[in-house]
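S.K.: Line order of the protein sequences matches chains W and S. Using this note's numbering, the letters of the first sequence map in sequence onto residues 1 to 384. Using this note's numbering, the letters of the second sequence map in sequence onto residues 1 to 384.
Be aware that one or more of the hints could be misleading.
[Unchecked claim] Now the stretches of chain W that chain S is said to cover, found in silico as 3 or more residues with beta-carbon under 8 Å:
1. 88-94
2. 362-375
[Said to hold, decoys possible] Quick partial rundown of chain W residues pointing at chain S, CB under 10 Å, derived from the structure:
3. Ile49
4. Val52
5. Glu54
6. Val128
7. Gly238
FYI, nobody ran anything at the bench for these hints, they're computed from the structure. Glycine is no exception: its CB is placed at the ideal position from the N, C-alpha and C atoms.
Protein chains: 2
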Amino acid sequence: MGRVGIVGIGHGRFGRRSDASVQELAFDAFRDAMADAGLAREVLDASVIGAVPEYHKQRSLAGVIQEYLGLNLKPTWLTEAACASGSAAIRTAWMAIQSGLHQVVAVVGCQKMTELSTPEILALMGRVGEVQWESIFGTTFPGYYAMLARAHMHEYGTTKEQLASVAVKNHFYGAMNKHAMFQKEITIQKALSSAPVASPFQVFDCCANADGAACVIMAAEDRAKQISDKVVWLDGLGSATTTMSVIRRPTLTSLPSAVEASRQAYKMAGVGPDDIKVADVHDCFTIAEILAYEDLGFCEKGQGGKFIEEKQSYIGGKHPVNVDGGLKAKGHPIGTTGVSMTVEIVKQLRGEADKRQVPEADVGLTHNVGGNGQYCFVHVFKRE
Amino acid sequence: MGRVGIVGIGHGRFGRRSDASVQELAFDAFRDAMADAGLAREVLDASVIGAVPEYHKQRSLAGVIQEYLGLNLKPTWLTEAACASGSAAIRTAWMAIQSGLHQVVAVVGCQKMTELSTPEILALMGRVGEVQWESIFGTTFPGYYAMLARAHMHEYGTTKEQLASVAVKNHFYGAMNKHAMFQKEITIQKALSSAPVASPFQVFDCCANADGAACVIMAAEDRAKQISDKVVWLDGLGSATTTMSVIRRPTLTSLPSAVEASRQAYKMAGVGPDDIKVADVHDCFTIAEILAYEDLGFCEKGQGGKFIEEKQSYIGGKHPVNVDGGLKAKGHPIGTTGVSMTVEIVKQLRGEADKRQVPEADVGLTHNVGGNGQYCFVHVFKRE
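Kindly generate the complete structure, drawing on both the sequences and the hints.
M.R.: Here it is as structure tokens:
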């Protein structure tokens, strides 16, 4: 069986995009990815759309996007796994190619969240937690992750300063990313004095709802080599779930879905945590990045707070993480995020990340969590 | 490359299911499919959920269903292609298996529509048409298909009696299907005197919103043969799209997506229309079944009205179609329908359809349309 490679990438600006419809956002990223690959759309066999449908007035997004991209009669459909929908789309495209059904597939992650009001978004988000027994009692999305943060603080002595340090790092790198929603550095004092959200979280512990799209073009090994001389290979895939009900979780200081998904992806790619030179992880809240350090094996269990305090996740540290700004500063258009992470890792592995370039990045990883942790998709990429 | 087989099927009752939550509906179908396959859940590698998310209070359904089925830590995600979501899930599972990533996968189609009021459902459905330029002017779902019906009547002389004959046939068979929402025969007079909906449609030209779930267990060839001695093979897959905007369609008397998807599926399975002994097609409105006869090559273009008038789609006719009652009488829980069609064809190919059994059914087909025709998935199944 051959490999599957990424041969083109495109990424739009994240933020409040009242200037464009969701299909226009998708088109911008798609056009750039096709230009990057040097392909005409006739070469594509199919597209897969990563998005969470219910944020848009337009339902069944895949159909309207396929038309807007000029891809009829080719097949398309949408994948959804909450905030990991983009990675589910990439996994689906990988399978489509490895199954022999398709040779070249476009994956478009797109989301326009700001058509809805903030209370509407909060209500929808809460219902990505378990509705029958949990969210009915008022759990919110920040509330879910705040529980994880409190448990980690209690168990391992993680501090609010360490949480805030994640935000400081991600804003530091976001300031160098022209696609980021927030391109401003912040200080730890600013983070610690921001408005409270759900204890221990303050505003700067939370990522922002955003609009935006990203696109990758994936191809079977032979075709990929014909198309591009800088192919990045998707060699390891992991996907796992844990209970949606937080009350039924075996632990609150780890996401079992992330531990299992990374185990699968490392094994399939024949690498270990120490081989990962650059990673994009799912920092929807600051605690989530600290959990990711530990769940991915970048540091020992309970040492995530110290890991950021010691700047081990900065460029020059042991494992540079989210040097594109992460969800925190780049913004989090939920269905897009997994594809956006992939675009960043491909850029890094190609050596095209400019001021944010991680030296000698030859193996990279994406870690994309859905919901309150019930889904996790981990992908390992290699250059060569 | 080996084949992919269906080794287990499960199907719940369709209708207004205020007795069960969507995860309970899913569980019933899943339990029956696993019992049919004689499998314990540990054997499964993953599940794929076919559903349209926005009908449920619970969002990100795949997560809550995976937990309810007891399948954590295994991966899951949801596929959406409007009313063809179930077939997109089956295509995804086929790819997962053929790619070598998984060996045994459960596909669950599930939908609970009646949590919403009829006006809410109508509003959601309209937005599965193109929102920016079409549905904003008031197009409804029956309205879209009524346009296709009017065009077919104009072009080919198709009559309201022929449309009604489709409903009569499907209610005739629905009366023999214990899972059907409507288990009552109707007369052509009853259909023709029912309340108007969107000219030329009356109530009996339209399928009903419903709740319900269905499940199939799919496995790689070697595993399938170990698991079951009555495997049905999914040997042909086709998927295509046409524009969501009806205004940009090249024709209103055919669905180009269906013509192309069936071409692909026939070619891949090495069969032609004449080989198809039994088919389940997407009769969301009576005209849709007539278009399907023509698009699938069961009769000449324009002859679909005559085809049903001559009872060629009854058991004993040239191509028995929807002998489970179809969407019309069985009900149409939108995300479930593609999986439900698959369950029926597997039953027919196994010879287990009792009074509705098509004699010597060795090759069968499903034709599942999404939206107002923008998606079509065609699958060809073989016994042996």
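S.K.: If you take the shortest Cβ to Cβ gap from Val128(W) to chain S, is it below 10 Å?
M.R.: OK, holds: Val128(W) within 10 Å of chain S, min 5 Å.
S.K.: Using Cβ atoms only, decide whether Gly238(W) comes closer than 10 Å to chain S, and label the hint accordingly.
M.R.: At about 8 Å, which falls below the 10 Å cut-off, the nearest Cβ of chain S leaves the hint on Gly238(W) intact, so it holds.
S.K.: With a Cβ-Cβ cutoff of 8 Å, does the region 88-94 of chain W contain at least three residues near chain S?
M.R.: holds (count 4)
S.K.: Can the hint on Val52(W) be confirmed by a CB-to-CB distance to chain S that is less than 10 Å?
M.R.: 8 Å, holds
S.K.: Holds or violated: the hint that Glu54(W) contacts chain S, with Cβ atoms closer than 10 Å.
M.R.: Holds - the Cβ of Glu54(W) comes within 10 Å of chain S, reaching about 4 Å at its closest.
S.K.: How about the region 362-375 of chain W: do at least three of its residues have a C-beta closer than 8 Å to a C-beta of chain S?
M.R.: With 4 residues close enough to chain S, the hint holds.
S.K.: Regarding the hint that Ile49(W) lies at the interface with chain S, is the smallest CB-CB distance below 10 Å?
M.R.: 9 Å, holds
In terms of the numbered hints stated before, the structure departs from none.
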